[in-house]
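Both chains are given apart, each in its own frame, so use the hints to dock them into the complex.
The listed protein sequences correspond, in order, to chains S and U.
Residue numbering for the first sequence follows our numbering, beginning at 190 and increasing consecutively.
Residue numbering for the second sequence follows our numbering, beginning at 7 and increasing consecutively.
It is possible that some hints are incorrect.
[Said to hold, decoys possible] To be clear about the criterion: a stretch of chain U counts as covered by chain S if any three or more of its residues have a C-beta under 8 angstroms from a C-beta of chain S, and this derived list gives those stretches:
| no. | segment |
| --- | --- |
| 1 | 11–17 |
| 2 | 26–32 |
| 3 | 124–132 |
| 4 | 207–216 |
| 5 | 255–264 |
[Claimed, not checked] Keeping only pairs whose Cα atoms sit at most 25 angstroms apart, straight-line, the calculated SDA-like set for lysine to any residue is:
| no. | chain 1 | residue 1 | chain 2 | residue 2 |
| --- | --- | --- | --- | --- |
| 6 | U | Lys8 | S | Val367 |
| 7 | U | Lys9 | S | Ala211 |
| 8 | S | Lys196 | U | Lys176 |
| 9 | S | Lys365 | S | Met453 |
| 10 | S | Lys365 | U | Lys11 |
| 11 | U | Lys61 | U | Thr194 |
| 12 | U | Lys11 | S | Gly357 |
| 13 | S | Lys280 | S | Pro346 |
| 14 | S | Lys223 | S | Leu201 |
| 15 | U | Lys8 | S | Phe354 |
| 16 | S | Lys196 | U | Lys9 |
| 17 | S | Lys365 | U | Lys192 |
| 18 | U | Lys9 | S | Trp361 |
| 19 | U | Lys176 | S | Pro346 |
| 20 | S | Lys280 | U | Leu278 |
| 21 | U | Lys8 | S | Ile369 |
| 22 | U | Lys176 | S | Phe354 |
| 23 | U | Lys173 | S | Glu194 |
| 24 | U | Lys9 | S | Lys223 |
| 25 | S | Lys196 | U | Arg279 |
| 26 | S | Lys280 | U | Glu255 |
| 27 | U | Lys11 | S | Met204 |
FYI, nobody ran anything at the bench for these hints, they're computed from the structure.
Predicted model only: the values in this text are computed from it and were never measured.
Cβ atoms here follow ideal geometry from the backbone N, Cα and C, with glycine treated the same way.
Here's the letter readout for the chains.
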Amino acid sequence: MRRIEDKIAIALLWMSSLIVLAFLFVLLGYILIKGLPVLSPRFLFSFPHGVEARGGILPMIAATFYLTILAGFIVSPIAIGGAVYLTQYAKPGRLVRMIRFGADALSSVPSIVFGLFGLALFVSIFGYSMIAGGLTLSLMILPVVMRASEDAILAVPRSFREASFGLGATQWQTIKNVMIPVALPRILTGLILGIGRAFGETAAVFLTAGMAINLPFLPTEPGRTMTVHLYLLATEGISLDIAFGTALLLSIFILSFNFLARYMGRRSVKGGR
Amino acid sequence: MKKEKLLRYVFLLAASVAILTIFLIFVFMAVKGVPLFFKVPLTGFLFGTDWSPTKGHFGAFPLIVGSFLVTLGAVAIGGPLGIAVAIFLSEIASSRVANFIRPTVELLAGIPSVIYGFFGIMLIVPLVRTFVGGAGFGFISASFVLAIMILPTIAALTEDTLRSVPKAHKWGSLALGATEWQTIKKVTLPSASEGILSAVILGIGRAIGETMAVLMVIGNAPIIPTSLRDPFSTITSVVALDMSYASGEHQEALFALALILFIISMSLVAMLRFVSRQRSTR
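In isolation and in its complexed conformation, chain U is listed as follows (with noise of 0.2 angstroms):
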């Protein structure tokens, strides 16, 4: 009866391993980048523009600026195709079509990251310097890598909300003689609008968080860009290119680099959680 007792609680310890992970997390990346803001004043940190860790000037803003910047352009690009493809598979697809196109959208999930970096400099850097001039290297490229690895995410979500949606709302918009795309746009879309919502944030996050293929086709220069050829820097890049040399305050600036990141993605499964409950109290 003991042994049964003390089961439940190795049981208990192992679903736990996740929220203690989420916690160690936290507090290893507060301690070991923290530090820093006894030396570097926070505001000047995220304000500050200039970014030369070698020579002691820890401004991250271009970083954070480059993040989003990436983050909105691969959810400009990556968004409404996602949806289109979603809409595509759970609408207008028969099903031999759709179970033909799914599992192919699914593997570009699968995909890892380097290989989309690897493809991105092989072949789409070269067509963005080609077309557009400049190096290839920067928004372009980055966004459109992005957008290509968000998208399995979006769609995937997308048409499982869509086929939610009760097929006699979309019967009774067809019976009063409203035409395939009207039924989709009038009735069908608005009311899974919340769950693409969760879809688009979803996606955000996977963009924000990207580390490798973006690194790859950015250029690496911490500056804000000032036009599209500009190649310029992520928080994630930086990190990742400067982990394996830096030491003293650079380690630190790091770790508190990592810190913000790992605050906005936790924000974003926040605000998933807002938005799921609020669509299951209706």
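Extracted from the complex, chain S is given alone in its bound form (with noise of 0.2 angstroms):
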């Protein structure tokens, strides 16, 4: 009897875990036979037109790209002095378990709610705009960043902190010049995982830097990236085919973001050792 349940137990745990595998498969291989087809220079590098939109997708990519550097741009200096000071100066405390109780937080508010925080602030200050919507995704990607910073910086090794602090560097000397540069390949990892993120986010974005069709050039336009694209074509049901070329880059773009990260994170724990 007991060998039987324990066939059958782990018989569904393998079929379990398939199951999980078959959906990956199915999604991805779907979006690449509808969309394969789609993607050609001109699909790239052309704008759309008429009412379907149809034609390239020009100006959602650039937006997309613009809008997400932008978040990496604004996110950077704000996730690295938070994680340096919480490595570098915090004493465990109330304060230090704020800082960390804000972060836990922040990565669970919902989209569609940074969204309309987005909305009512930025918006308000710049219009539909890359500035809003990337000051928007800054603040939603931030735990993230911010994390990867501190781990980044704990990686450290601890003689390389006392050497510099030997060698009568002051404590910012020793930060910039030993700890974040040491700590900077990983840290960069964390940042391509928000980035990531940021990449592929939608309701937080049509709500910040609109819908219309522009190729930005001033942070203070707005744009429509690829993911409003794909959620505008595939909800008003036109120009599908167009749609699934749009899943399939961006899939594409998601998916090199996630291998690069974690290449430069295998890289880093090499060179660690």
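Structural data, given as structure tokens:
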């Protein structure tokens, strides 16, 4: 009896894992098969035209990168600065507990709430714009990037810091010349993960950067990202081939971010040892 | 020397951005949403069943019920499946198999919600329409899509906890003649129960706050569903759909909905803290 129960239980566990694997392969396979015929230089590098937005998606690609890179630039100093405080200055106590609670809480705020917040604060200052979207997204990915930066700085061997102090360096010199440079590869890994999340965000984006098809130049201009474009095409049921192409391109970028982060993470672990 | 001191405060400021943002989000949602309650009583908002904002009726009960329903559905499917995957990865699979499956499950977590929604519209909704009937939009499609989305979170956290159960406990059980599954059931899972609970709470948080994927497959009708085939709405779907054109009281109502959502998420975070504190004091 026991043997049979064992066999059944283990078979079920195998099956669950295979089902989950199947989800991913069906999802990606479906989008790949339907999207691949759409991908062409013309799709990537030309403007959409007409009410059904046929043609290319160049402005959406540009807006997505503009917004994401902007968010990355805004979040980096805040996340690294916060991590430096937590690892180099703070003493365990109420303040640190509050800072950590803030980061935990921020990472569980739903994206639509970020969108409304961005709309109420940043859009009322800048209007629907890259900068309003970038600011909103930077707050959204702050917990991930700060956590990764903290781990990165903590992974720097103690002796490095002590050696720097021993040579007469001040705390700031030690942070600037030793801690951050040594921790940088792992900080970048965290930043790429955060940027990957921003890249795929939709709800917080259309409420702050708008839906207008526009090749953004100034940060005060609005734009429509690939995710928002995909959403609009899919729900209106128009130009579905373009929607599949957009979905595929989006997936390719997201997977690249994932692999890049994983590759860098692995390299920096090896380098640290 | 002065510069060193000043820098300390600059870093402290950077570290405080997260908690300040939490505070600001609360203030903004409250300032923009609470004025509604001078016109519509709070109980009428929470328990009223008529949501037709263009006519001035703001009964959010169907939306709140909708949010809880899809969350329940998602956790009912994604919870057991995620936990099963975690047990498989930590207890059954060889490290080679686990090292192939784990990153694949992690990839599911990175896929944008709009792609899940799109996949749902194109493939899952038609399947549900064929096999269950109705329009295909609604509870089944939404729970299923959400289940896939929260599964990686539940699986990853559960696996971490299972791995932290001391090996000696498992060996002891196996040495006493227990089979592999008996050991998992009687030794490993019970000692990891708080960790698994945290994982499920986090999954609930993900599901209730998810917007795009739900919005795209739920059908969007502000009613309390009476059958599995009915389309309905959630808090998030209504806020996302209406915000682009809402004004006046309607807009206030949407901010009030976001405030409710924010309070739910913060309660879940507090609950997580409570669960993990109990674990660490043991």
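Results for each hint:
Only residues whose C-beta sits within less than 8 angstroms of a C-beta in chain S count toward coverage, and the segment 11–17 of chain U has 4 of them, enough to reach three; the restraint holds. Check result for the segment 26–32 of chain U against chain S: holds, 5 residues qualifying (beta carbon to beta carbon below 8 angstroms, three or more required). Coverage of the segment 124–132 of chain U by chain S holds in this model, with 5 residues showing a Cβ closer than 8 angstroms to a Cβ of that chain against a need of three. With a cut-off of 8 angstroms between beta carbons, the segment 207–216 of chain U has 5 residues touching chain S; three or more are needed, and the interface restraint holds.
Under a criterion of three residues with beta carbons nearer than 8 angstroms to beta carbons of chain S, the stated coverage of the segment 255–264 of chain U is upheld, 3 such residues being counted. The suggested pairing of Lys8/U with Val367/S holds, with an alpha-carbon distance near 21 angstroms, which does not exceed 25 angstroms. With a C-alpha separation of about 57 angstroms, the suggested pairing of Lys9/U with Ala211/S is violated against the 25 angstroms cut-off. For a cut-off of 25 angstroms, the pair hint linking Lys196/S to Lys176/U stands: about 18 angstroms separates their Cα positions.
With a C-alpha separation of about 22 angstroms, the suggested pair Lys365/S and Met453/S falls inside the 25 angstroms cut-off, and the hint holds. With a C-alpha separation of about 15 angstroms, the suggested pairing of Lys365/S with Lys11/U holds against the 25 angstroms cut-off. Of the pairs offered as hints, the one joining Lys61/U and Thr194/U is violated, with about 56 angstroms between alpha carbons and a cut-off of 25 angstroms exceeded. This hinted pair checks out: Lys11/U and Gly357/S have alpha carbons roughly 17 angstroms apart, not beyond 25 angstroms.
A C-alpha spacing of about 19 angstroms is found between Lys280/S and Pro346/S, which places the hinted pair at or below 25 angstroms, so the restraint holds. Pair hint Lys223/S plus Leu201/S does not hold up; C-alpha atoms about 32 angstroms apart against a cutoff of 25 angstroms. For the given pair, Lys8/U sits about 18 angstroms from Phe354/S by alpha-carbon distance, which is consistent with the 25 angstroms threshold. Using a Cα cut-off of 25 angstroms, the hinted pair Lys196/S and Lys9/U is violated, with the two alpha carbons roughly 67 angstroms apart.
This hinted pair does not check out: Lys365/S and Lys192/U have alpha carbons roughly 52 angstroms apart, beyond 25 angstroms. A distance of roughly 9 angstroms separates the Cα atoms of Lys9/U and Trp361/S; the hinted pair therefore holds under the 25 angstroms criterion. Proximity of Lys176/U to Pro346/S is assessed by CA-CA distance (about 34 angstroms); at most 25 angstroms being required, the pair is judged violated. A C-alpha spacing of about 24 angstroms is found between Lys280/S and Leu278/U, which places the hinted pair at or below 25 angstroms, so the restraint holds.
With a C-alpha separation of about 22 angstroms, the suggested pairing of Lys8/U with Ile369/S holds against the 25 angstroms cut-off. Distance check on the hinted pair: Lys176/U and Phe354/S sit about 46 angstroms apart at the alpha-carbon level, beyond 25 angstroms; violated. With a CA separation close to 23 angstroms, the supplied pair Lys173/U and Glu194/S stays within the 25 angstroms bound. Under the criterion of a C-alpha separation no larger than 25 angstroms, the hint pairing Lys9/U with Lys223/S is inconsistent with the structure, at around 59 angstroms.
Between Lys196/S and Arg279/U the alpha-carbon distance is near 38 angstroms, which puts this suggested pair outside the 25 angstroms criterion. For the given pair, Lys280/S sits about 47 angstroms from Glu255/U by alpha-carbon distance, which is inconsistent with the 25 angstroms threshold. Taken as a hint, the Lys11/U and Met204/S pair is broken in the structure, with Cα atoms around 59 angstroms apart against an allowance of 25 angstroms.
In summary, the numbered hints that this structure violates are 7, 11, 14, 16, 17, 19, 22, 24, 25, 26 and 27.
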